[in-house]
Amino acid sequence: MMVFEKPKALTDNVMHYCPGCTHGIIHRLVAEAIDELGVRGRTIGVASVGCSVMSYNYFNVDMVQAAHGRAPAVATGVKRSDPNNIVFTYQGDGDLAAIGTAETVHSAARGENITVIFVNNAIYGMTGGQMAPTTLPGQITQTSPYGRDVKTVGYPVKVCEMLAQLDGAAYLERVAVNDVKNVRNAKRAIKKAFQNQIDGKGFSLIEVLSTCPTNWGLTPQKALEWLEENMMPYYPLGVYKDKEAQAND
Amino acid sequence: MSEKVLMKGNEALAEAAIMAGCRHYFGYPITPQTEVAAYMSKRMPKIDGVFLQAESELAAINMVIGVASTGKRVMTSSSSPGISLKSEGISYLAGCDLPALIVNVQRGGPGLGGIQPSQSDYFHATRGAGHGDSHMIVLAPASVQEMVDLVFKGFDLAEKYRMTSMILSDGTMGQMMEPVSLEIGEINEYDKSWALTGTKCEREPRIVNSLCLQPEELERQNFARFERYKVVEEKEPMYEQYRMDDAEVCIVAFGVASRISKNAIDLAREQGIKAGMIRPITLWPFPKKALSAAAGRAKAFVSVELSMGQMIEDIELAIRCSRPVLLCNRVGGIIPTVEEVLAKIVEASKVGGAE
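Residue numbers (my numbering), protein chains in the order written: chain A, 461 to 709; chain B, 39 to 393.
Quick caveat, the hints were computed from the structure, so don't treat them as lab data. Predicted, not measured: the structure shown is a model, and the values here were computed from it. Hints may be right or wrong, so weigh each one.
Stated by the list, open to error - Over the 12 Å line for every Cβ pair with chain A, so calculated as not near, a few chain B residues:
hint: 1; residue: K42
hint: 2; residue: E53
hint: 3; residue: G87
hint: 4; residue: L96
hint: 5; residue: E126
hint: 6; residue: G133
hint: 7; residue: G152
hint: 8; residue: G168
hint: 9; residue: V246
hint: 10; residue: S248
hint: 11; residue: L249
hint: 12; residue: E265
hint: 13; residue: K300
As the list claims (entries may be wrong) - Straight-line C-alpha distance at most 30 Å; calculated DSBU-like pairs for lysine-lysine:
hint: 14; chain 1: A; residue 1: K651; chain 2: B; residue 2: K84
hint: 15; chain 1: A; residue 1: K661; chain 2: B; residue 2: K273
hint: 16; chain 1: B; residue 1: K84; chain 2: A; residue 2: K647
hint: 17; chain 1: B; residue 1: K238; chain 2: A; residue 2: K661
C-beta: ideal position from N, C-alpha, C; glycine also.
Model the full assembly from the supplied sequences, consistent with the hints where possible.
Shown next, in the form of structure tokens:
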């Protein structure tokens, strides 16, 4: 008999995320991966700054909350303290791709044996919807009220493509949680990113295209459609780096 | 007393940290503290320790936070401009009540400044560095031996009070060589029931965190932290007194400035001026009681500093401005001469009305 249960790696706390936000799905996928790999007791999570700052209340593992952008550096310390720890960061796009760019790039370059869950929703959610490094050209936000003008503020940062140039990165994949098929695929990728760490393979980052109905000004359903129609063409899903697969070629 | 070896200040400090059980060092190159990192890079791999050169001072201090959150002894070192960058992390260490050791081998500022000795980070260190209400325990060595001893003290106090300890050194202390006795100092066990060790699926998760959105709770945390600071201020001030028994002119100086001041005091005594010195070893907690007691006899104070006059404010506060406090200072990497300090003692003996 199949029984659908809440993962043990999630607490009973009620999440604060807005209706229709996909953080809840991604939290669940991370927790399922931790459960299925049997590493909950030695997992230490690093929360970042942004909507997911309070993820320390939701993951049923030891957690440390990092300053804005610094999660990969904090994770480096936790991992180096005891390599037996399974260490993951959970970061948004402003945190990971703007203020924390250096920490992201260099933890990847070092091949730091950690798992990074990167939630890209093309906007700063917690502070009320400002332009992010991943905001699409022409996208209207609180600080790009006339649409992102690439002539003055430049182009979005494509994190997986950028990190794929680094020899240190072991596994980079972009997934989405807009429909059942993609959610299942995201789960597979996240689990692999944790498995890589258990196997000592090095830096794994999963970029998850996510929605922000509140700050996009859309209903949850319309937000999912917007993600499919606008984000997915600009940020194509797929594996950008897999050292293991390359080695097997 | 064990055999003495001749060592450079920065290297003696690094070896002491290893002896104190520190197995994790994160740093970034900056003059004049590079010997600490170089020494750690050589030693750590041989003792199964971790030396990691971070991509930035920001990353280094956050790696420190990572290890500190697991309850292990960890340190970083830098010099003034790098400490500015680390200040964000210093505030988070305070907010998370994590112990760590930070070494600041000071150089002249502001900005990129110079690379010669300075004490101009006094305010920055003693006022808690980063944003928000907080303090670090600030230790000021005046010899290579003290570089060693204060490393042990720094780790111990950090763990005892769950605070950051900073060794506020300068280029002189870091670069000079002196005979030093490397003996294992105090290593006490403190409660680590807050440390992130993985739940082993046997206990509730632990959270190391400085976010608190409820004003009443955040206020409570701040008050509780300052209750702890009050105990530190009560119990932990350290200082040395030099020829203070009958002193009418009291010099206050730390680090390299205190060494020059001792010579100047001896010369002043030869001229019949009763000079002495209180040398703060902890700059925070500042030895307020010792200074206020000295104000009973001393008619004037002289603050000898390699800054534009920062510690002088703490002296004035400690003695409630009951005596004149003169400033004897050089900045930009210049150390005051014995003659300059002596001249200021002579001036103070007249200002203060000493016979």
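Hints, one by one, checked against the model:
1. K42: 34 Å, holds
2. E53: 21 Å, holds
3. G87: Given that some Cβ of chain A is not farther than 12 Å from that of B/G87, nearest at about 10 Å, it is violated.
4. L96: Given a closest Cβ separation of 7 Å, the condition is violated.
5. E126: 6 Å, violated
6. G133: Since the minimum Cβ distance to chain A is about 9 Å, B/G133 lies within 12 Å and the statement is violated.
7. G152: 27 Å, holds
8. G168: Violated, since 10 Å does not exceed 12 Å.
9. V246: Since the minimum Cβ distance to chain A is about 4 Å, B/V246 lies within 12 Å and the statement is violated.
10. S248: Not fine: 7 Å to the nearest Cβ puts B/S248 too close to chain A.
11. L249: 6 Å, violated
12. E265: Given that every Cβ of chain A is farther than 12 Å from that of B/E265, nearest at about 23 Å, it holds.
13. K300: 41 Å, holds
14. A/K651 - B/K84: 35 Å, violated
15. A/K661 - B/K273: Violated, at roughly 49 Å.
16. B/K84 - A/K647: Distance of about 41 Å is beyond 30 Å: violated.
17. B/K238 - A/K661: 23 Å, holds
This entry does not satisfy hints 3, 4, 5, 6, 8, 9, 10, 11, 14, 15 and 16, going by the numbered hints stated previously.
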